[in-house]
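Colleague: Chain by chain, the residues:
There are 8 protein chains.
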Amino acid sequence: MELVVYLAGQIHDDWRDQVANKAREKNLSLSFVAPQTNHDRSDAIGEDILGEQPNNLYRDDTASSVNNFRTQVLMQKADVVIALFGESYRQWNTAMDASAAISLNKPTIIIRPESLIHPLKELSNKANVTVETIDQAIDVLEYVFD
Amino acid sequence: MELVVYLAGQIHDDWRDQVANKAREKNLSLSFVAPQTNHDRSDAIGEDILGEQPNNLYRDDTASSVNNFRTQVLMQKADVVIALFGESYRQWNTAMDASAAISLNKPTIIIRPESLIHPLKELSNKANVTVETIDQAIDVLEYVFD
Amino acid sequence: MELVVYLAGQIHDDWRDQVANKAREKNLSLSFVAPQTNHDRSDAIGEDILGEQPNNLYRDDTASSVNNFRTQVLMQKADVVIALFGESYRQWNTAMDASAAISLNKPTIIIRPESLIHPLKELSNKANVTVETIDQAIDVLEYVFD
Amino acid sequence: MELVVYLAGQIHDDWRDQVANKAREKNLSLSFVAPQTNHDRSDAIGEDILGEQPNNLYRDDTASSVNNFRTQVLMQKADVVIALFGESYRQWNTAMDASAAISLNKPTIIIRPESLIHPLKELSNKANVTVETIDQAIDVLEYVFD
Amino acid sequence: MELVVYLAGQIHDDWRDQVANKAREKNLSLSFVAPQTNHDRSDAIGEDILGEQPNNLYRDDTASSVNNFRTQVLMQKADVVIALFGESYRQWNTAMDASAAISLNKPTIIIRPESLIHPLKELSNKANVTVETIDQAIDVLEYVFD
Amino acid sequence: MELVVYLAGQIHDDWRDQVANKAREKNLSLSFVAPQTNHDRSDAIGEDILGEQPNNLYRDDTASSVNNFRTQVLMQKADVVIALFGESYRQWNTAMDASAAISLNKPTIIIRPESLIHPLKELSNKANVTVETIDQAIDVLEYVFD
Amino acid sequence: MELVVYLAGQIHDDWRDQVANKAREKNLSLSFVAPQTNHDRSDAIGEDILGEQPNNLYRDDTASSVNNFRTQVLMQKADVVIALFGESYRQWNTAMDASAAISLNKPTIIIRPESLIHPLKELSNKANVTVETIDQAIDVLEYVFD
Amino acid sequence: MELVVYLAGQIHDDWRDQVANKAREKNLSLSFVAPQTNHDRSDAIGEDILGEQPNNLYRDDTASSVNNFRTQVLMQKADVVIALFGESYRQWNTAMDASAAISLNKPTIIIRPESLIHPLKELSNKANVTVETIDQAIDVLEYVFD
Numbered sequence: 001m002e003l004v005v006y007l008a009g010q011i012h013d014d015w016r017d018q019v020a021n022k023a024r025e026k027n028l029s030l031s032f033v034a035p036q037t038n039h040d041r042s043d044a045i046g047e048d049i050l051g052e053q054p055n056n057l058y059r060d061d062t063a064s065s066v067n068n069f070r071t072q073v074l075m076q077k078a079d080v081v082i083a084l085f086g087e088s089y090r091q092w093n094t095a096m097d098a099s100a101a102i103s104l105n106k107p108t109i110i111i112r113p114e115s116l117i118h119p120l121k122e123l124s125n126k127a128n129v130t131v132e133t134i135d136q137a138i139d140v141l142e143y144v145f146d
Numbered sequence: 001m002e003l004v005v006y007l008a009g010q011i012h013d014d015w016r017d018q019v020a021n022k023a024r025e026k027n028l029s030l031s032f033v034a035p036q037t038n039h040d041r042s043d044a045i046g047e048d049i050l051g052e053q054p055n056n057l058y059r060d061d062t063a064s065s066v067n068n069f070r071t072q073v074l075m076q077k078a079d080v081v082i083a084l085f086g087e088s089y090r091q092w093n094t095a096m097d098a099s100a101a102i103s104l105n106k107p108t109i110i111i112r113p114e115s116l117i118h119p120l121k122e123l124s125n126k127a128n129v130t131v132e133t134i135d136q137a138i139d140v141l142e143y144v145f146d
Numbered sequence: 001m002e003l004v005v006y007l008a009g010q011i012h013d014d015w016r017d018q019v020a021n022k023a024r025e026k027n028l029s030l031s032f033v034a035p036q037t038n039h040d041r042s043d044a045i046g047e048d049i050l051g052e053q054p055n056n057l058y059r060d061d062t063a064s065s066v067n068n069f070r071t072q073v074l075m076q077k078a079d080v081v082i083a084l085f086g087e088s089y090r091q092w093n094t095a096m097d098a099s100a101a102i103s104l105n106k107p108t109i110i111i112r113p114e115s116l117i118h119p120l121k122e123l124s125n126k127a128n129v130t131v132e133t134i135d136q137a138i139d140v141l142e143y144v145f146d
Numbered sequence: 001m002e003l004v005v006y007l008a009g010q011i012h013d014d015w016r017d018q019v020a021n022k023a024r025e026k027n028l029s030l031s032f033v034a035p036q037t038n039h040d041r042s043d044a045i046g047e048d049i050l051g052e053q054p055n056n057l058y059r060d061d062t063a064s065s066v067n068n069f070r071t072q073v074l075m076q077k078a079d080v081v082i083a084l085f086g087e088s089y090r091q092w093n094t095a096m097d098a099s100a101a102i103s104l105n106k107p108t109i110i111i112r113p114e115s116l117i118h119p120l121k122e123l124s125n126k127a128n129v130t131v132e133t134i135d136q137a138i139d140v141l142e143y144v145f146d
Numbered sequence: 001m002e003l004v005v006y007l008a009g010q011i012h013d014d015w016r017d018q019v020a021n022k023a024r025e026k027n028l029s030l031s032f033v034a035p036q037t038n039h040d041r042s043d044a045i046g047e048d049i050l051g052e053q054p055n056n057l058y059r060d061d062t063a064s065s066v067n068n069f070r071t072q073v074l075m076q077k078a079d080v081v082i083a084l085f086g087e088s089y090r091q092w093n094t095a096m097d098a099s100a101a102i103s104l105n106k107p108t109i110i111i112r113p114e115s116l117i118h119p120l121k122e123l124s125n126k127a128n129v130t131v132e133t134i135d136q137a138i139d140v141l142e143y144v145f146d
Numbered sequence: 001m002e003l004v005v006y007l008a009g010q011i012h013d014d015w016r017d018q019v020a021n022k023a024r025e026k027n028l029s030l031s032f033v034a035p036q037t038n039h040d041r042s043d044a045i046g047e048d049i050l051g052e053q054p055n056n057l058y059r060d061d062t063a064s065s066v067n068n069f070r071t072q073v074l075m076q077k078a079d080v081v082i083a084l085f086g087e088s089y090r091q092w093n094t095a096m097d098a099s100a101a102i103s104l105n106k107p108t109i110i111i112r113p114e115s116l117i118h119p120l121k122e123l124s125n126k127a128n129v130t131v132e133t134i135d136q137a138i139d140v141l142e143y144v145f146d
Numbered sequence: 001m002e003l004v005v006y007l008a009g010q011i012h013d014d015w016r017d018q019v020a021n022k023a024r025e026k027n028l029s030l031s032f033v034a035p036q037t038n039h040d041r042s043d044a045i046g047e048d049i050l051g052e053q054p055n056n057l058y059r060d061d062t063a064s065s066v067n068n069f070r071t072q073v074l075m076q077k078a079d080v081v082i083a084l085f086g087e088s089y090r091q092w093n094t095a096m097d098a099s100a101a102i103s104l105n106k107p108t109i110i111i112r113p114e115s116l117i118h119p120l121k122e123l124s125n126k127a128n129v130t131v132e133t134i135d136q137a138i139d140v141l142e143y144v145f146d
Numbered sequence: 001m002e003l004v005v006y007l008a009g010q011i012h013d014d015w016r017d018q019v020a021n022k023a024r025e026k027n028l029s030l031s032f033v034a035p036q037t038n039h040d041r042s043d044a045i046g047e048d049i050l051g052e053q054p055n056n057l058y059r060d061d062t063a064s065s066v067n068n069f070r071t072q073v074l075m076q077k078a079d080v081v082i083a084l085f086g087e088s089y090r091q092w093n094t095a096m097d098a099s100a101a102i103s104l105n106k107p108t109i110i111i112r113p114e115s116l117i118h119p120l121k122e123l124s125n126k127a128n129v130t131v132e133t134i135d136q137a138i139d140v141l142e143y144v145f146d
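Each protein sequence line maps, in turn, to chains A, B, C, D, E, F, G and H.
Following the numbering used here, the numbering of the first sequence begins with 1 at its first residue and continues without gaps.
Following the numbering used here, the numbering of the second sequence begins with 1 at its first residue and continues without gaps.
Following the numbering used here, the numbering of the third sequence begins with 1 at its first residue and continues without gaps.
Following the numbering used here, the numbering of the fourth sequence begins with 1 at its first residue and continues without gaps.
Following the numbering used here, the numbering of the fifth sequence begins with 1 at its first residue and continues without gaps.
Following the numbering used here, the numbering of the sixth sequence begins with 1 at its first residue and continues without gaps.
Following the numbering used here, the numbering of the seventh sequence begins with 1 at its first residue and continues without gaps.
Following the numbering used here, the numbering of the eighth sequence begins with 1 at its first residue and continues without gaps.
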């Protein structure tokens, strides 16, 4: 049995590679899907496909339509969702993805630093499990195969 | 026909009263439900009911369990959801509520200032309508009765 | 028992008034909801609320977002959907509304002239009943109370 | 990961071959399903199977029952739906298929020429992404694998 | 609390009146909805509304489309379904209605004589309760208010 | 693409073998699942597993519980349902299975002789396609791959 | 806004009266529904309606079919479910009702003594809120109106 | 066709190995998933991953969050659920899992000794089949392939 894991969250660092590497080291039967992690590509994808937009609102909206399309396709393929929150960004789309996953009954793990306990308390309460580190999230996934 | 409107979002100012007042001035057949807007009460409700918790994590988690219970009860009663984002807070629970509402096919309006176009672009794209002011949100609701 | 009927379809003539008058003459316990039937108002509602848009695409898209919001709110209140097609317009939004209604298990009646049998054959086949006149649609509704 | 794409829309030209060819050129892991594209076969399938019908209404209705059966089977297999609208036909069944797909949470792309912005505005607003060319639709699909 | 009860089953005798009378005698807060019980009216309703059909197949199919419309509207209003089977008719539509009700999670009671235990065994096994008499079905409903 | 077809209906003759043979002759990518077709085995399965039951009612009910379990498992695996009605039996369980399939949005074909048009008219109206012969049902399936 | 509360759990003491009294004292707009609380009546209801059964298994099964019918009707009417566990009984049906409620997205409160923390830990984790006393459960409900 | 079977129930003996062995002896095409069966591991998993908790309540709650995550992942993969109840434990989580499975339309078999007929009567009534021994449960599964 292989599980597909959607990795929601910030696209500003290499945390998804860390997840994949640790899963590989433990020989877990996992494959990963994720949003576009090239930040410039993600922001420009609307205009890249549909051409220059008249203002920033529509530049952002067309980009979001393509990114949301991608997310919907890949999340529907996923058995599990991990959503990581860091300290630096608002990441409302991460909260949106995690909440959509929970509403669709996708088993969901939140990763967030201790400093974000308070602002993420409602989402943590709705998710299946909330952890602080990538290693802990991998431990939860490993336990499914245990 | 009366519509029940759930007002998700920040609880630090009186924006819900403004919504209700403007709806009353226009004689719209609307009733409003909302999260607990007394911020201290909201944060303390877990310990108020269940007693002192061993640390902040569990103080927050018990509070969230009661607040999420309230939200689930009231949002299931709602025909429409309005989610307001301001510039000052992370409001991940607002994004969570809006995303849950959209996932449940509740018609949803986002109110956010122009400065938040970029960080809210994915959620705006999924919501039915995104506006910048309370008056505009009321205009959308008024149009349903037009 | 009162039934709420959503009247989808063209907004260029007074067919909805005819439906309502005939229902009243027969004392049927029906109430009606519908899209905005003032055509100019419907096309302008996006800019009326959100301000001038940079081009026709976005003028139309903002108007549609408000009109789709209205449709979603009112169709969720409806027990029955009637969708009328006439010969003069493309009315893809009528086909969209009828198909959404059928997908949501709303009992659905199509009204279309004989001349549209062929282009509407797939939708007619999916709807519960297809008739040619408003009187026949009223007969179907009357039969529910018979 | 392979994605199955349902190609809804007109069956009067070879646009589906273009989609498939472009996907092959880009080595995208896509397979395509579609309605019957032989127009005469599609219109005659009811009588081909069930024998001559008493009039055109029932000739069309029996054909539609078989075509709708096919569409339902194949769309349930699809991960993504692309609906193409051209300028020449009413294509209400395309609008019906697109709306059914959206109601079933199938990620959906609309392709339509600039001239159809206005009549398709409500459907475009509900779909995930609307583009003007087949190349742009392929770009959206390619982005999912990016 | 009032419960709406859909009474599926044969329309050749007055069993629905018996149910209603017994409920009234016991002052149960029940209201009843049902298919058209005038058998000739039920069989003719398609042609009554849509005009003469070319053959019996289409006479029956148009009648069924209107009767199924009625059933869908009323069953969606119902809190409970009672399906009565007698010895004289095939009543496949009764089995269809009961199975649809069970699939929609409507609490369902089957009434059937002892002689029909064997042919109805699968449906009885899926229904909530199977009884042999109208009085027993009323007893089950009365117990809800007990 | 292979389709799984559930063959509901009478278990007193070899019609399922005919379906499978014809599908094989046409090289259709179909596999078939079905209820237990050994009639004695089907009726006795409850007592075979659970031991002698105190009377015929419970003999039948335990058999049905196992047969309904089997049907639920296999129908959930099916992409398409074919339900065949013959002239000799009441086959309420066939009507039950077909109606459950339709309620679960399984594309459904009814096979019934001309003599059963009237008693099966409501179910035929709800199914996707109704045909009179096994060959016609195979033609419908073949058309999906056409 | 009135909320309907289903009170699942043991029927051996008067805890439901306590809940109702406390709600009344606080003027909460709540109405309550519940299983049959007369224990003998609950156990005998199958035979009371259907006559003497051949053994205890079937005596219990017929009683359960009527009790489950009642529960399904009333829980579908409920906005909120409270499930109380005491120390004396196995109460698997209470766990069944609570789990069904949670699966149906009914906001759910568990009441259990401290001594049952361990055996109820999985159910508590899935419920919205777990408390130890009836007063605490009332506090949670009161907070919804706060 | 292979079926995935989730084995819910007590983790204090080797009953799952017996199930797997008997299935293997009969060459049934079954694979099995299950909760963590190492009891100490199951109880400690919360603290093993998240670190020492401030009290037993939270030790249990964190363990449950990980165990419920595992159950949700694996049960969503399952075609069939078997829930075994023994005489020694309260096993409310087994009742919870069985009820969740039934609510999700997973075909479900209960195994329980004769001594538990009465306390499990409501759950038995809702499950598809209730048997007393592992051999009987295997017989039910074997019958699906028969």
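The set of hints was computed from the structure by calculation and includes no laboratory data.
Hints are supplied without guarantee of correctness; some may be wrong.
To be verified - Okay, the calculated bits of chain G under chain H, using three or more residues with CB under 8 Å as the criterion:
| id | stretch |
| --- | --- |
| 1 | 51-65 |
| 2 | 95-103 |
| 3 | 120-126 |
On a predicted model such as this, the values are computed, not experimentally measured, just so you know.
Just so you know, even glycine gets a beta-carbon here, dropped at the ideal spot from N, CA and C.
Colleague: Next step is simple, just say for each hint if it's right about the structure.
Modeller: Quick rundown of the hints versus the structure:
1. 51-65: Per the Cβ count (7), the hint holds.
2. 95-103: Held - the stretch 95-103 of chain G has 8 residues with a Cβ nearer than 8 Å to chain H, which meets the minimum of three.
3. 120-126: With 7 residues close enough to chain H, the hint holds.
Violated hints: none; the structure is consistent with every hint.
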